[in-house]
Structures are given as C-alpha cells and as structure tokens.
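Take a look at the letters that make up each chain.
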Amino acid sequence: MTVTSDAGVAGGGSRAGDLLVVDDLRTHFRVPTGDVKAVDGVSFALPRGTTLGIVGESGSGKTVLSRSIMGLNTAGNAVTTGSVLYDGTELIGRSSKEMKALWGAEMAMIFQDPMTSLNPVVKVGRQLTEHVRFHFGTNRSDARAAAIDMLQSVRIPEAAERMDNYPHHMSGGMRQRVCIAIALACSPKLLFADEPTTALDVTVQHQILNLLSQQQRERAMTMILVTHDLGVVATRAAEIAVMYAGKIVEKAPTPVLFAEMRHPYTQSLLWSIPKTSQPKHTRLSAIAGRPPDLINPPPGCKFAPRCPYAQQRCRDEEPQLVDGPGARHQFACHFPVGTPENREAFDRNLASGLPQTLTVAGCLAAREDIVEIGDGA
Amino acid sequence: MAGSGKAHLRPSESVLLRAEDLTVEFPVGGGRVVHAVSGISFDVAKGETLGLVGESGCGKSTTGRAILQLPRPTGGSITLNDVDLTRLDSGTMRQRRTDVQMIFQDPISSLNPRRTIGDIVAEPLQVWGPKRPDDQWDIVARMLDAVGIDPEAARRKRPHEFSGGQCQRISIARALVMEPELIICDEPVSALDVSVQAQILNLLEDLKAQHGLTLVFIAHDLAVVKNISDRVAVMYLGKMCELAESDELYASPAHPYTRLLMESHPEPDPGVAIDESMTELGELPSPIAPPSGCRFRTRCPLADERCAREEPQMRRVNDDHYVACHHPLVAVDDDLSAASRQPTLPLTAPATA
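Sequence order for the protein chains is A and B.
If you read the first sequence in my numbering, its first letter stands for residue 24, the second for the next number, and so on.
If you read the second sequence in my numbering, its first letter stands for residue 105, the second for the next number, and so on.
Worth flagging that the hints you see were computed from the coordinates, not collected in a lab.
One thing to keep in mind: the hints can contain errors.
[What the hints assert, rightly or not] DSBU-like, lysine-lysine: derived pairs with alpha carbons at most 35 Å apart:
| no. | chain 1 | residue 1 | chain 2 | residue 2 |
| --- | --- | --- | --- | --- |
| 1 | A | 212 | A | 146 |
| 2 | B | 150 | A | 298 |
| 3 | A | 298 | B | 235 |
| 4 | A | 123 | A | 146 |
| 5 | A | 298 | B | 312 |
Generate the whole structure from the sequences, applying the supplied hints.
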C-alpha cells in the first residue's frame with residue numbers, strides 16, 4: 024500500500040503526521056476468577072494514509088485492541104486504561120454518547136462476519152443511509168442517491184435495485200461489500216477491518232481485499248487490518264504488528280518483518296504455515312504448547328514456555344518492546360532471532376534437550392527451504 | 105468444467121476407492137433440484153492422499169459424504185476394494201462403514217458435550233469391537249496416545265475441557281479405533297489457528313505412515329491441500345476441473361479456474377506481486393440451474409461459444425495430470441494446438457455469460 028516515505032512510527036512518540044497514537048493501552052475483563060488481560064500495554068503510532076496489519080492467533084487480543092481504540096467494549100466488566108489520541112483528541116474515558124459523533128464519520132469498522140453484522144430485518148438501503156443522515160442531516164433522497172453511488176463504488180451490480188433488498192437476498196461476498204459501503208459512506212479517516220475476509224472464499228477474499236486497498240488509496244484513508252493470516256497482510260499492509268498474549272511482540276515495515284524477523288514467535292508463526300511454493304509433504308514446524316492463560320500469565324516473556332530459544336532470563340524477566348538496529352523495527356525479545364546470542368541459546372537448549380527445541384531441530388533437518396536457525400524465511 | 109469423462113481413472117486393481125459418474129442431487133421443492141455433484145469420477149490408490157479443493161458450494165463435502173453413502177448418491181458408483189457400495193443393502197453398508205471413517209470440520213461440535221472422552225472414542229468399538237470393556241479401553245488408550253492425548257487424564261473428562269486442537273485429536277482417535285482403510289477428512293483444520301493447524305497436519309502425516317492409511321482430504325486452503333496431498337482434484341459447481349499430482353498441479357495449472365484459485369491465494373510473502381485488477385463480483389452461479397456446457401464459463405476469461413455448447417471432457421496433459429477444458433493453459437496430449445493459441449492470457453475480466 025501507500026507509505027509516506029519518511030513517516031516514522033516510533034514507540035509511543037507522537038508526531039505531526041500521526042492520525043492515531045496509542046499509549047500503554049490496557050483492556051482487562053473482570054471475571055469471577057480474576058482479570059482477563061486481553062490487551063496489556065500496547066503502544067504504537069499510526070501515520071496518516073498508511074495501513075497497519077495486526078496479526079495474531081485467536082486470543083492474542085487483536086480484536087479487543089481495535090474495539091478498545093474505537094470504544095466499542097461497552098460490557099460492564101471491561102476496564103480500559105491508557106491513552107488513545109485520535110487526531111490530537113483523547114478518546115479513552117469518553118462515553119458512548121460522545122463517541123457516537125466519531126463512529127462512522129471519523130472512524131468506522133468492518134467486521135468479520137458479514138452474515139451477522141447487518142440487521143436482517145432492515146433493507147440494505149436504510150442501513151446505508153442511516154448514519155449519513157445522522158451525521159450530515161442529509162435529506163432522504165440525497166442520502167439514497169449517495170448510497171447508490173457507494174454501492175456502485177464497491178462494484179455491486181444493479182445498485183439501485185439492491186437498495187430495497189434485505190441482507191438474506193445477497194451472497195456473503197456481496198454482503199461484505201455492503202458492509203464496506205456502510206463503513207465508507209461517511210468518508211471516515213480511519214478504517215478498522217477486523218478479519219474482513221475470513222468468512223469468505225479465497226477468490227472473493229481476493230476481490231474484497233483489492234477493493235479495500237483501492238478505496239483506501241482513493242480516499243487517503245488510514246487503515247488497520249486485523250487478521251490471523253500472515254498471507255493477507257504480507258502484500259496489503261505497509262507495516263505489521265504481531266500480537267501475542269495481549270502485547271505487541273514485534274512491529275516492522277512489512278518487507279523488513281519478513282526478511283529480518285527478530286521475534287521467535289513471528290518466526291514460529293511463519294514456519295508453521297504451509298506455502299504453495301513448498302513441495303508436497305513438507306514437514307511443518309508446529310508451535311509447541313498452547314497460548315498462556317491470560318488471567319495468570321507467566322511472569323517473564325509470555326512466549327517463553329513455547330519458545331525454542333527460551334533461557335532462564337526469559338522466564339524471569341519480561342522483555343520490553345524496544346527499537347532494533349533497523350529502521351522502525353521494534354521487538355520484545357532477550358535473544359532475538361538472527362543474533363549470535365540466539366544461536367547460542369538454541370544450541371544450549373538443544374544440548375539440554377528442551378522438547379520444543381528438539382522438535383524444531385527435527386523439523387529443520389527435514390526441510391530444505393530453511394537453511395539456518397537465524398534464517399528469516 | 106464441466107468435467108466429465110474418465111480418462112484420468114487408473115486400472116481398478118491398483119486403487120482402493122473408485123468413484124464413477126458420481127451424482128448427488130437434492131430436491132428443493134417445486135420440482136427444482138440442486139445439482140450438488142454432477143457426474144464426477146476419481147480414484148484413490150492405497151496409501152495415497154487425494155485432496156479435494158474448491159470454493160464453498162463446489163460439492164467437495166457432498167462428495168466426501170457420498171463415499172460413505174450419507175446420503176446415498178443419486179447416481180454413479182463408489183467402489184471400495186472392488187465392492188460397489190451403492191449396491192449394498194443398508195445393513196451390509198453399515199458394516200462396511202467401519203472401513204471408512206470421517207473427521208469433521210468443527211472439532212468441538214462433532215464431539216457429544218455430555219459424554220466423556222473415554223466413551224466417545226470407545227463408541228465405535230461398543231458396536232463392532234471386542235465385547236469386554238477392558239479390551240475396548242486398551243484400544244482407546246493406544247489410539248489416544250497415538251494422537252498425543254494422555255489417555256488416563258482424558259478418560260473421564262468431557263469435550264469442553266479441551267481446546268479446539270485437542271478436540272480434533274480426539275476426533276482423529278475416534279476415527280482410528282476401527283482401524284479403517286480410508287479416512288475422509290472434511291476441512292479438518294479450517295477451524296484451527298495456524299500453529300495448531302500445523303500440529304494436526306503433521307499428526308495426520310505421521311498416522312498415515314504408521315497405520316498405512318488412505319486419506320481423502322477436503323479443504324478450501326490451497327496451501328494446506330498441497331502440503332498433505334499426493335494428488336489434488338479441483339472442483340467447481342459439482343464438476344471436476346482438473347486432477348493432477350500436487351507439485352505438478354501447482355507448478356503448471358492447466359485449468360483457468362485452478363489458476364484463478366492460485367492467484368487468489370494469499371501467500372505469506374511480501375515479494376509476491378498481487379493482481380489488483382480483480383475487484384468485480386465473480387460468484388458461483390446457482391447449482392439449481394447451472395450454466396450449460398462448461399460450468400465455469402460465466403467467470404472464465406477464455407470462454408467462447410463452444411464452452412456454452414459443449415461440455416469439456418477430461419483430457420490428459422501428462423502421466424498424472426488431467427484437465428477438463430476446451431482452452432487449457434498448457435498443452436494437452438490430444439490437442440496441442442489449443443494450448444499454443446493462448447498460453448498466458450491474463451485472468452482479469454470475467455467474460456459475461
């Protein structure tokens with residue numbers, strides 16, 4: 024996508040070109056057994072007009088993060104702290120009533136499931152015009168004309184007739200187009216797309232992602248693309264933040280992340296995905312174990328129990344997200360991939376027979392496309 | 105695609121399973137019929153994994169279920185070990201089903217939430233296995249252990265106490281206790297996270313080697329299918345488009361639909377160029393009234409009036425590569441001229457019907 028060449032994204036540091044600055048954002052859910060730390064100290068800044076991809080597995084906090092920024096976690100047990108500066112204005116602490124002025128007009132969201140995010144008993148036309156009339160006071164016929172234009176811009180054939188359809192008249196791909204049209208109708212500056220294509224077929228996914236990046240360019244929108252699929256963000260996001268257990272563990276411009284990944288979780292994630300470029304029956308390097316309990320997470324690095332490079336220090340002391348040597352590349356690891364320390368840690372674990380290290384070593388021996396432990400791809 | 109024809113079938117003595125002209129239709133009222141699967145043929149050799157890939161609605165799951173006679177196909181035959189399953193009475197078929205087991209997409213809902221894991225995995229044995237519970241438990245424990253679940257710890261637990269990946273392992277153990285010859289895996293990893301997906305794919309490969317299993321692996325993810333399959337069949341709207349050895353299929357797809365699928369697949373590599381021109385709505389036509397001739401022609405950039413008139417038959421590309429297309433993207437044995445005409449036309453604007 025489009026990246027403004029010198030728009031640096033520093034840790035939490037704000038600069039004039041940033042549309043969104045998130046600082047130490049935490050969202051905890053109170054449950055009878057404790058606090059679920061779904062988002063636990065996330066900081067980043069997002070320059071205008073760029074696309075940030077947020078990648079993580081289920082339970083990594085990626086969805087809660089985007090909902091927290093938009094102020095959509097309205098459940099009584101959700102506690103959000105920290106700071107979200109949108110265009111210079113603080114959003115945390117605002118009531119839903121105050122946020123209502125921003126929803127749709129300034130920031131909008133496309134949800135994962137197009138089947139359930141539309142109201143099944145309201146015609147598509149009304150769902151497309153409701154917020155336009157609320158924000159801009161447009162009269163009925165102008166709003167309708169604008170909505171038909173919107174449907175055409177998301178490539179829905181016979182747009183005028185479609186206005187009187189109910190969602191069940193449409194296929195999944197068509198409904199997701201309607202959701203995109205609704206999200207874009209008030210020309211928001213910031214668009215959240217939360218797994219926008221997960222429920223769709225691969226060919227439809229491709230069309231929808233193309234449509235999104237096209238609209239993003241035309242409208243100079245800033246976009247946050249949340250997904251579990253590294254393949255989706257690899258070619259669609261300027262920068263990628265990898266989340267694990269409620270924290271960003273690595274963040275870098277997309278080509279840098281793939282070429283010089285530093286966090287073992289990023290590496291494990293990429294190694295576990297089958298690729299069409301690999302020969303059949305390529306042994307996949309699965310990640311051992313399971314994600315940690317978010318109520319009582321382990322004291323040190325949250326990935327340490329599954330990490331093939333974990334040392335005692337990782338189990339005691341939590342690494343912070345710090346700037347690496349490369350431009351705009353941040354990671355939170357004591358023994359980053361590609362360093363001599365990482366290699367030593369691996370050899371040490373191999374010698375002591377740490378199960379996950381042995382598994383990775385076994386898998387590497389069977390694979391030709393990964394030459395070295397420190398190797399990125 | 106309308107791919108009919110049987111040029112791609114191998115001699116029957118070398119295969120475990122053979123489907124010929126398999127047709128499954130569902131009446132939907134008013135005299136209308138959903139043509140879920142329309143005359144496809146394929147075979148699976150012993151110890152082989154056949155991948156079935158295609159978009160939702162292409163009939164891949166229906167094909168998998170039709171092998172088990174669930175429901176019985178409307179037409180065609182399914183031959184397992186030289187026995188035609190479609191001709192068996194329901195009592196005999198019930199017994200034959202012990203040779204064919206199935207693993208489903210959603211691991212949590214495919215296990216009964218009110219029963220213990222020990223009971224769930226032992227159930228097939230309670231019907232067909234040894235009568236003594238202790239003997240049953242020996243087999244169950246061995247299978248749970250083989251799929252990486254601690255038998256003693258799991259025995260009295262219920263499905264909700266396990267994660268999705270663990271539930272899928274339990275489903276696999278349940279499929280294995282009958283020591284089947286063939287396992288049909290219907291999207292077994294689609295509901296799982298990528299790290300767990302890798303664990304399950306590795307497990308299936310290991311079990312296949314240990315137990316000499318034959319798999320039919322149904323999935324929509326092209327990379328997953330390539331990873332596990334020896335041969336891959338591409339389906340579209342109830343027809344088979346292309347069938348080939350996996351590496352060959354991905355290296356040189358011959359069917360325009362196969363290429364469309366591959367170009368749409370998001371590869372985790374920022375260096376891959378993406379074709380951004382494809383934004384138009386190109387969706388599956390209704391299976392109630394499928395297009396005439398080749399069923400893919402309404403979305404195919406190469407379609408002409410011959411495609412509307414005449415259904416393409418399966419033709420040989422090389423030893424283990426067959427395609428059903430009038431305008432294949434690579435040279436076909438009996439028709440070299442067709443390929444040289446338009447070797448690499450860009451797949452952009454779908455032609456109108």
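Checked hints:
For the given pair, residue 212 of chain A sits about 26 Å from residue 146 of chain A by alpha-carbon distance, which is consistent with the 35 Å threshold. For the proposed pair residue 150 of chain B and residue 298 of chain A, the alpha carbon gap of about 26 Å is at most 35 Å, so the pair holds. For the hint linking residue 298 of chain A to residue 235 of chain B, the alpha-carbon distance of about 46 Å lies beyond 35 Å, and the restraint is violated. Only pairs whose Cα atoms come within 35 Å are accepted, and residue 123 of chain A paired with residue 146 of chain A is accepted, the gap being roughly 22 Å.
Proposed proximity of residue 298 of chain A and residue 312 of chain B is supported: the alpha carbons are some 21 Å apart, at most 35 Å.
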